[in-house]
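Chemist: Once you have looked at the hints, place chain L on chain A.
Residue numbers (the working numbering), protein chains in the order written: chain A, 1 to 397; chain L, 1 to 397.
Check each hint, because a few of them may be wrong.
[Claimed, not checked] SDA-like cross-link-like pairs, simulated, lysine to any residue; straight-line CA separation at most 25 Å:
(1) Lys112/L / Ser3/A
(2) Lys47/L / Gly315/L
(3) Lys50/A / Pro111/L
(4) Lys48/A / Pro111/L
(5) Lys69/A / Gly31/L
(6) Lys390/L / Ile193/A
(7) Lys112/A / Lys251/A
(8) Lys69/L / Pro369/A
(9) Lys390/L / Pro377/A
(10) Lys112/L / Glu66/A
(11) Lys50/A / Ala63/L
(12) Lys192/A / Lys227/A
(13) Lys390/A / Gly31/L
(14) Lys390/A / Ser3/L
(15) Lys370/A / Gly136/L
(16) Lys69/L / Thr14/A
(17) Lys69/L / Glu66/A
(18) Lys192/A / Pro252/A
(19) Lys69/A / Ser255/L
(20) Lys390/A / Lys4/L
(21) Lys69/A / Lys69/L
(22) Lys364/A / Asp65/L
(23) Lys364/A / His164/L
(24) Lys48/A / Lys112/L
(25) Lys48/A / Asp65/L
(26) Lys390/A / Asn387/L
(27) Lys94/A / His376/L
(28) Lys390/A / Pro369/L
(29) Lys364/L / Met95/A
(30) Lys249/A / Glu295/A
(31) Lys69/A / Met52/L
(32) Lys390/A / His164/L
(33) Lys364/L / Asn388/A
(34) Lys69/L / Ser255/A
(35) Lys48/A / Ala63/L
(36) Lys48/L / Ala61/A
(37) Lys50/A / Phe119/L
(38) Lys47/L / Phe119/A
(39) Lys50/A / Glu66/L
By construction, these hints were calculated from the structure, which means they are not laboratory data.
Here is what each chain is made of, one letter per residue.
Protein chains: 2
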Amino acid sequence: MMSKSYVIGLMSGTSADGVDAALVEIEMSDGFPLLRLKTFQILPFSKKLKQMILRASSHEALAVDEICKLNFQLGEEFARAVIHLTQAAHIPLKMIDIIGSHGQTIKHLPPKSLKPIGFGSTLQIGEPSIIAERTGITTVADFRPRDMAAGGQGAPLAPYLHYHLFRSLNYGVAVQNIGGISNMTYIPPGAKIRDVIAFDTGPGNMLIDAVVTKLTHQKLDYDKEGKLASRGKVQTKLLNSLLKHPYFKKKPPKSTGREEFGTFLADKVIQKAKGLKKEDIIATVTAFTAYSIAESYQQIILPKFKLKEIVIGGGGARNKTLFSMIQRLLPSVQLKRFEDFHLNSNAIEAMAFALMAYETLHGKASNIPKVTGASHPVLLGKIIPGNNFKSLTACPK
Amino acid sequence: MMSKSYVIGLMSGTSADGVDAALVEIEMSDGFPLLRLKTFQILPFSKKLKQMILRASSHEALAVDEICKLNFQLGEEFARAVIHLTQAAHIPLKMIDIIGSHGQTIKHLPPKSLKPIGFGSTLQIGEPSIIAERTGITTVADFRPRDMAAGGQGAPLAPYLHYHLFRSLNYGVAVQNIGGISNMTYIPPGAKIRDVIAFDTGPGNMLIDAVVTKLTHQKLDYDKEGKLASRGKVQTKLLNSLLKHPYFKKKPPKSTGREEFGTFLADKVIQKAKGLKKEDIIATVTAFTAYSIAESYQQIILPKFKLKEIVIGGGGARNKTLFSMIQRLLPSVQLKRFEDFHLNSNAIEAMAFALMAYETLHGKASNIPKVTGASHPVLLGKIIPGNNFKSLTACPK
Chain A
1 MMSKSYVIGL MSGTSADGVD AALVEIEMSD GFPLLRLKTF QILPFSKKLK
51 QMILRASSHE ALAVDEICKL NFQLGEEFAR AVIHLTQAAH IPLKMIDIIG
101 SHGQTIKHLP PKSLKPIGFG STLQIGEPSI IAERTGITTV ADFRPRDMAA
151 GGQGAPLAPY LHYHLFRSLN YGVAVQNIGG ISNMTYIPPG AKIRDVIAFD
201 TGPGNMLIDA VVTKLTHQKL DYDKEGKLAS RGKVQTKLLN SLLKHPYFKK
251 KPPKSTGREE FGTFLADKVI QKAKGLKKED IIATVTAFTA YSIAESYQQI
301 ILPKFKLKEI VIGGGGARNK TLFSMIQRLL PSVQLKRFED FHLNSNAIEA
351 MAFALMAYET LHGKASNIPK VTGASHPVLL GKIIPGNNFK SLTACPK
Chain L
1 MMSKSYVIGL MSGTSADGVD AALVEIEMSD GFPLLRLKTF QILPFSKKLK
51 QMILRASSHE ALAVDEICKL NFQLGEEFAR AVIHLTQAAH IPLKMIDIIG
101 SHGQTIKHLP PKSLKPIGFG STLQIGEPSI IAERTGITTV ADFRPRDMAA
151 GGQGAPLAPY LHYHLFRSLN YGVAVQNIGG ISNMTYIPPG AKIRDVIAFD
201 TGPGNMLIDA VVTKLTHQKL DYDKEGKLAS RGKVQTKLLN SLLKHPYFKK
251 KPPKSTGREE FGTFLADKVI QKAKGLKKED IIATVTAFTA YSIAESYQQI
301 ILPKFKLKEI VIGGGGARNK TLFSMIQRLL PSVQLKRFED FHLNSNAIEA
351 MAFALMAYET LHGKASNIPK VTGASHPVLL GKIIPGNNFK SLTACPK
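In isolation and in its complexed conformation, chain A is listed as follows (with noise of 0.2 Å):
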């Protein structure tokens, strides 16, 4: 295989809302992978594809001709997200080497306890010999089924390229991804992959969000730059009774979800907020927000390990009330955005599945067994062969 290649990764999220296709110049360095994001768009799903996304993923009974018949269409629309990509970006098809494809997961259900090993599953769908074969290119696909069957909750997978892309001989790296829920990745100065630590940090915008959208009666449905935020009061007391939340006493690797920061708390604190004023609800639950994360650094990073910056990504980046709050609470550390190193924070999923198909491919194990759970590192996916296969395995002559 040749020492640069051309990789796309493929990604949707659960919101249904498309294919996240990220174009990635991978080159080996000193054995290790060097990232450079040539060219990122999402490929929007029609409305009528998102609900029936939505739909499937929902715990409505339907017809498994459904799921069958939605995994081969999800398929059509991931080989377009490349061939779309590949015009854009004005590169032949033929120049790529790789695609790395997430797929649309419908059901994630990982294991509740470590042992018995394998009590987990999950399900990601958008057939990849559609993609193959629409493209030539060999795909390799569906990274969380092995990850499971070695014992872990098949996610978080993107630790993995964060180290890659934010790995420092000298000081302490650690990457805040702001999305609906809020999960960190550090990295130690001069860390192997499996020093690294990632854990959910708990709220990320979706406690705000839903907030905003009960408080504005669904006329916002987010706090824009955070500028609700930054006309309302933190109450300290709401603040106060907020951070009593059990999930932050736990120890990593730990995980949560829509069931512990959605629309349920948001309700509850409404509630506890009678009398107050919108902006100072919206501005007690951003501080909320930016403390959980903050926590986090300071009960279970900075005590144990350096830590020179953060890197902030994911919607919550854009919330500016939010960041300021968080660089407050952590005056030791710097606070950067994808952006300031010339990435783009919504390509950064994508680009995680292209490295993993790239290491796959390469007999190279992509899970970071600490902060999956899995017994033991193991080579991701599933590799569908394209016309390239035979070039991509050949000896050289």
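Modeler: Okay, now just chain L, sitting in the frame of chain A:
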């Protein structure tokens, strides 16, 4: 890769009785794979698991959670079948080079027309990441989607194995598999793989079984060795009316199923046969099955091609009355059984997926476009790397 490989093929049929597991030795000889069946076993499913599979395969709506879990649970069963098989064969797991797993079909929706390409879909479960993880062996799985991505029906795939087992330079051979439905593979003398003809000839045991079940009020569910039929007299008028079925006028490639030759037709036959003796009715549907097979040869094969022998397989090979009826209708051809070639007729499908897995890892296509309707030959399946993945793709020093 070594010139001799040990490959395990895994398959579970639509009746969901258990996992067929075949250990095959494959050796390259003059550019062709030579197969030797070493051991064959069936690992039966529990009653509960069988019911779950049949429910998931039905038209009943069910929660996606169930499919998600069942996929992983069946993966464990397929992995167990591998471990049991190697124990029975007294061969350590480490000596197995490749596993080929068909999985369990829970839905197969072939395209209704060949254009536009890609409107079919199929769903096989039995998570192969579990198989690769539990056994450490590189696993190739899920063979049908790629053929369908290329516009094919995703079936039949076994003719590829038939060709490699029975091809002859000097005479024509056919394989007639009599399962629920009957299908034929015809291999002309000195044929290349692209010369193979394969299609469903019509009913297999399906109609005989349904008639026996109804006439005996479910005391019997099939005609053991054809004994009931041997005691009856074929009723010519009834036979002739059955032979007018429009399926026999269609030209191959063609395929049929339960809708055309199942219980619906059995009910019709019994109604038409009112007043006739049970044995006569059974003899007549057995003759109908024999005629429908023999006519396929008389009309499609014999006018154009040479044919020396037909190898009969499937449950129908054990129906002596059916077997001798077909022989009488085709006096110029020698009828044989798989067992005459030291093969186990039950093992054929599992052997087919062992061979296809081997071919895919060697970069060789194993669909037959003229047979499946695909637009071109494709590498079938998805490769899940095992511990031996690097050595499989490694270059000789």
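Chemist: For every hint, state whether the structure bears it out.
Modeler: We went through each hint and held it up to the structure:
1. Lys112/L / Ser3/A: violated, 45 Å
2. Lys47/L / Gly315/L: Holds - the C-alpha atoms of Gly315/L and Lys47/L are around 22 Å apart, at most 25 Å.
3. Lys50/A / Pro111/L: Distance ~24 Å between Lys50/A and Pro111/L Cα, so the pair holds.
4. Lys48/A / Pro111/L: holds, 22 Å
5. Lys69/A / Gly31/L: Violated. Lys69/A to Gly31/L sits at ~39 Å, over the 25 Å cutoff.
6. Lys390/L / Ile193/A: Within the cut-off at roughly 21 Å; holds.
7. Lys112/A / Lys251/A: Roughly 16 Å between the alpha carbons, so the hint for Lys112/A and Lys251/A holds.
8. Lys69/L / Pro369/A: holds, 22 Å
9. Lys390/L / Pro377/A: holds, 15 Å
10. Lys112/L / Glu66/A: holds, 17 Å
11. Lys50/A / Ala63/L: holds, 19 Å
12. Lys192/A / Lys227/A: Given pair Lys192/A, Lys227/A is violated - Cα atoms ~40 Å apart, limit 25 Å.
13. Lys390/A / Gly31/L: Measuring from Cα to Cα gives roughly 17 Å; hence the hint holds.
14. Lys390/A / Ser3/L: holds, 18 Å
15. Lys370/A / Gly136/L: This hinted pair holds, its Cα atoms lying about 21 Å apart.
16. Lys69/L / Thr14/A: It holds: about 19 Å lies between the C-alpha atoms, which stays within 25 Å.
17. Lys69/L / Glu66/A: Distance of about 17 Å is within 25 Å: holds.
18. Lys192/A / Pro252/A: holds, 19 Å
19. Lys69/A / Ser255/L: holds, 21 Å
20. Lys390/A / Lys4/L: Status holds; Cα separation ~20 Å.
21. Lys69/A / Lys69/L: Holds, at roughly 19 Å.
22. Lys364/A / Asp65/L: violated, 31 Å
23. Lys364/A / His164/L: violated, 35 Å
24. Lys48/A / Lys112/L: Given pair Lys48/A, Lys112/L holds - Cα atoms ~23 Å apart, limit 25 Å.
25. Lys48/A / Asp65/L: Holds, because 23 Å separates the two Cα atoms, which is no more than 25 Å.
26. Lys390/A / Asn387/L: Holds, at about 20 Å.
27. Lys94/A / His376/L: holds, 19 Å
28. Lys390/A / Pro369/L: holds, 21 Å
29. Lys364/L / Met95/A: With Cα atoms ~22 Å apart, Lys364/L and Met95/A stay inside 25 Å; holds.
30. Lys249/A / Glu295/A: Within the cut-off at roughly 10 Å; holds.
31. Lys69/A / Met52/L: holds, 21 Å
32. Lys390/A / His164/L: With Cα atoms ~23 Å apart, Lys390/A and His164/L stay inside 25 Å; holds.
33. Lys364/L / Asn388/A: holds, 13 Å
34. Lys69/L / Ser255/A: holds, 21 Å
35. Lys48/A / Ala63/L: Distance ~21 Å between Lys48/A and Ala63/L Cα, so the pair holds.
36. Lys48/L / Ala61/A: holds, 20 Å
37. Lys50/A / Phe119/L: At roughly 19 Å apart (the allowed maximum being 25 Å), Phe119/L and Lys50/A satisfy the hint.
38. Lys47/L / Phe119/A: holds, 20 Å
39. Lys50/A / Glu66/L: Holds - the C-alpha atoms of Glu66/L and Lys50/A are around 22 Å apart, at most 25 Å.
Hint check: violations occur at hints 1, 5, 12, 22 and 23; the rest are consistent with the structure.
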